[in-house]
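Undergrad: So you can see what is in the structure, the chains are spelled out below.
2 protein chains.
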Amino acid sequence: MSSDPIADLRTRLAELADLHHAGSIIGWDQQTYMPARGAAARGSAAGTIDRLAHERTADPALGTAIDAAEAAGEDPGLIRAVRDDHERAARVPSSLVTAMTEAANAAQSIWAAARAGDDFAPYAPVLREHVANCRAYAACFPEVEHPYDALLQRFEPGATTAGVRAAFATLQEGLVPLIAAIAERPDPGDLIGPFPVADQRTLALEMARAVGYDDSAWRLDEAVHPFMTSGGREDIRITTLEDESTLAIGIFGVLHETGHGLYEHQIDPRWDRTTVGTGTSLGVHESQSRLWENMVGRSPAFWSHWYPRAQQLFPTQLGALPLERFLASINAVRPSLIRVDADEATYCLHIVLRFELEVALIEGTLEVDDVPAAWDARMHELLGVDVPGPAKGVLQDPHWAWGELGYFPTYALGTIIAGQLWEAAHQQLPDLESSIASGDLAPLRDWLGEHVHAPGRTRTGDEILRAVTGGGLDSGPLLRYLREKYGALYGV
Amino acid sequence: MSSDPIADLRTRLAELADLHHAGSIIGWDQQTYMPARGAAARGSAAGTIDRLAHERTADPALGTAIDAAEAAGEDPGLIRAVRDDHERAARVPSSLVTAMTEAANAAQSIWAAARAGDDFAPYAPVLREHVANCRAYAACFPEVEHPYDALLQRFEPGATTAGVRAAFATLQEGLVPLIAAIAERPDPGDLIGPFPVADQRTLALEMARAVGYDDSAWRLDEAVHPFMTSGGREDIRITTLEDESTLAIGIFGVLHETGHGLYEHQIDPRWDRTTVGTGTSLGVHESQSRLWENMVGRSPAFWSHWYPRAQQLFPTQLGALPLERFLASINAVRPSLIRVDADEATYCLHIVLRFELEVALIEGTLEVDDVPAAWDARMHELLGVDVPGPAKGVLQDPHWAWGELGYFPTYALGTIIAGQLWEAAHQQLPDLESSIASGDLAPLRDWLGEHVHAPGRTRTGDEILRAVTGGGLDSGPLLRYLREKYGALYGV
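First to last, the protein sequences are chains A and B.
Positions 2 to 493 (this note's numbering) are the ones given, in order, by the first sequence.
Positions 2 to 493 (this note's numbering) are the ones given, in order, by the second sequence.
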C-alpha cells in the first residue's frame, strides 16, 4: 500500500477502469465485427473480464482503501460512488452472482425460442428462476424500504419504488387523456420512402457532428441492436442499422446514440481512468439520448435548419413535402404493441406497465403464470391495444431474460429527466430555440456538458436535477412539453 | 483448489487464455478501428491486461498447480509449455519487466523522430537502455550457454545462439553466391499496374478462401502495418493495406497473413481456452506465413491455376503478359536496403546481419555508437548495397525500439523451417504440385494441420521438425528450393 491513500485508491480504480474498458471494447466487437463462430470463446473471455472486475470491486482491501482515501480528503462524490459499488458487490454472495449470470446465459435461447413460437409456457420457468434470484438479491439489502428498491438501484442509484410510483402515476394521469384526445384527430400519415441507407448515413453523420461527434474520437458502425459504448471519453462508439423504409433508426436512432455518446464524451478529464468517469445512472443516460433524439431531433426548430439538407439528399421522397407535414409524420402518435417502436407520447406507458408487473412479481402479488394475462389486460387499459399473443406482448423484450428486473423504469425516468432538463435549458438559455434553428447546437451541448455530463458519477441524478432545477424528479415538465408539442401538431 | 489437479490447472489456464483473448482483440481494434484519440486510454487498458496476465503467470500457486497436474497425468507437452511460461515470468523481477515496458513505450516516438530525421544520435541512448535491460534479462537465466539464448528463447523456445549461428552460416554460404550469380542475369522487370485495390481484395479473398479462410470464423480488415491476431481458433483476424502500384501487400501480404491465420485456426480444439492453443514459436509461425506466401504463392503451379483469374480481374495490366513473365517479375531478386521489401533470396541476409549485431551488443563486443557503421559495412558485404543513411539502415525497423532483441532471427528461422516443411510435404504428398496446380489446396492444408498446427504449443518447433523430417533445423532444404527455383527462373 502506498503512503498516499488517494493515489492508492486511484490505482485500484484505474485497474478497474481498464478492465471495464477491455470489457466494453470486446463487447462492442462482439456486436459489430466478430465472426459468428467466435461467440463461444468471446463469451468466456467477457465472463472472465467481468469476474475479475467484480472480484476487485468486492475486495475488502478496496473498502479499506476507500475509507483511507476518504479520510485523506478524496472527492466525496467519488467516495460515495465507489463505496456504493464496493458494498453492492461485497453484499451479494458470489454464488448468487454466478447463479444470476448462469440463469441469464441459459435464458437467452429459451426466450428467443419462446418468442419465435409465440408461446409463454417454455419461458415461465426461466422467469420464475429470475424472479427468485432477484428476490434473493433484494434480501441482501434489508435496509431498503421496498425490496424492489434494491433492484432499481442497481441501475438508478438513490431511486425508490415509492418515488418511481409517484412519478409514473402523474405521468399516466397526464398521458392517457392526451393520447385519447390525439386519437380523435386525423392521422398525419407516414413518410413515403425508400430512403437509401447511404444517404441516411450521410445525413445522420452531419447531424451527429453538429451535436458533438468528432471523427478523431468517435465511431459509427453497424449492429443488429444499436447501442453506444466507449473505451473512455475519447473513444466513443455508436452503432446503427439503417432500414430504407424509415428514418426511425438511421436518423433518430443515431441522434439517440449520439446523445448517449456525448454524455460519456463530455465527462471531466479529471475522472479519466476511474470508475466514476461514466454516466451516473441509466436514467440520466437515457435522458441524454431522448433529449437529443426527441426534444431536439423531432422539433420544428431543428428541422427548420436541417430539412433543406434532407430534401437535397432525398429529393423525390421529401422535395415536395412541406416541412409541416414532415414534422407531423415524424411526430405521429399511435398506440401500438411494441415498446421500441413507440412514439414519444405512448412510450412511457409501456414502461409503466412493466414497472407495475415487476413490482408485483417481487412483492409476490403476481405469479409468473399470470403475467401474460396481466400484461394483455394492462395494455388494453393503458393504450387501448389488444395483444394478439405473447410474442408481441410479454416476450417482446430481452430484459427479463437477462434477469434485469429494475432496468425498465430507467427508460421512463430518463424521459422525465429529459423533460426537466429541457425546460431548465430553455429558462437558462433564452436563445436556445433560435440557436437550434440556426444549426448551432453548441450552446445546448455546452450547457449539458457543464450541468449534467462533467461530474460523471460524482453526482447522483437527484443532485444533478436539484442543482439544475431546484427540485427532484418531476413528471410535470415532460407533460407540459408533450401537451405543448401535440397541441401545436394535433390541435389538442 | 479443486480436488482434481488437472481441472484446477485448466481453470487457471482458461483465465489466462481469456486475458490473452481480450488483449488480442483490443490490440486488433487499436490497429484497425480505434479513433486516434483513444490511444492513451487504450494503452493503459492493454497494459493492465498484460500485467494481470503476467502476475497470474508468475504466481507461485500456478507453479504448484502445474506440479500437481503433472503428477495427475496432464499432457506432458502442455506441462512443459506452461512451466516454461511460469518459470520465465517468475524468474524476471517485476521491476525489470516494468523498466523494459516503460523503456519500450518511451522509445517509440524517439525512434520515429530519429528515423524521420535520418539521425541515429538521438536514438542511441534508447538502444543503450534496451541493451542494458536485455543483458539484465539474460542474467536471470544463468544456466543458458550464451546470454543471447535467454533473449532468443523468449520467441523461440529451445533455440540456441550456437544453433542459429550454424544455420545462418550455411545460409549465408549458399545465398551469397546464388545472389551474385543472379545479379549477372537480366532483370525481369516489374509488373505494370495500377492494380485497383478493390480487385486486389477480391482476388486475395478468393485465394485466402482456397487456403482455408472461412467467412464465419475469419475477418480481413485494413491496418497500416498488416498483421494477424486471433480471439481463438474460430476468430482469426488478418489485415492488409493494398497499394495499387503493386501486388506485394494486397496479394502476397494477404497470403502471408492467411498462413499465420491457418496455423491458429487448425489447432486442435482440445487446446481451446488453454495457453497452449496457439503457435509454438514465432519461427514456426513465420514458417507458415512464408510457406503460403512464397513457396505456394509465388510458384508456377499455384499461378497456373490463378493466373487466368488474375488476368480477368486485371485485363489491361496482365491480359497480354505471358505467365512466365509474370512469374519472373513476382520472383525478381534485387539486393536492396529495406528488409520488409526484400525478396526470397536476399531476405535472410538482412536477418543474418541483425542477428550478428544483436549478439555482439549482448556480448559487449559492439558498442551502441558503433552500430550504424557496423550495419552499413555488413550490408555492403552481404548484399553489396550502400546505405545512404540510418533511416534506410539501422533505423528502418521498430523491433529494437520495442526492446525485442532476439526477435529478428525468428524470421529467418521461419524461412528455413518453411523450406524443410515444403520439402517434406513434397515427399509425403506425391501429388502436391498437381493438386496446387488444380487449385486444390486442401491436401497441403490438411497435411500442415496434422503435422504442424494441431499440437499448438504442446510440441516444440524442434519436435515438430523431427517428427516430420527425421532431423532438426537444417538450412539445406531452403537452399535446394531456392537454387531450383532461381535455376529455372534465371538460368543460374
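It is worth saying that the hints were derived from the structure and are not from the lab.
Treat the hints with care, as some may be off.
Here are some, though not all, of the chain B residues that point toward chain A, as calculated from beta-carbon distances under 7 Å [as the list claims (entries may be wrong)]:
(1) 26
(2) 28
(3) 69
Pairwise CB distance ranges (calculated) [what the hints assert, rightly or not]:
(4) 185/A to 41/B: 40 to 50 Å
(5) 210/A to 245/B: 43 to 53 Å
(6) 97/B to 65/A: 38 to 48 Å
(7) 447/B to 389/A: 22 to 32 Å
(8) 142/A to 447/B: 26 to 36 Å
(9) 431/B to 99/A: 53 to 63 Å
(10) 146/A to 41/B: 35 to 45 Å
(11) 447/B to 99/A: 17 to 27 Å
(12) 187/B to 210/A: 32 to 42 Å
(13) 44/A to 110/B: 47 to 57 Å
(14) 199/B to 222/A: 13 to 23 Å
Stretch by stretch, here's where chain B covers chain A in the computed footprint (C-beta under 8 Å, at least three residues) [unchecked claim]:
(15) 49-61
(16) 74-81
Positions of the beta carbon are idealized from the N, C-alpha and C atoms, including for glycine.
Undergrad: Of the numbered hints stated previously, which ones are contradicted by the structure, given in increasing order?
TA: Of the numbered hints, 2, 3, 4, 5, 6, 7, 8, 11, 12, 13 and 16 do not hold.
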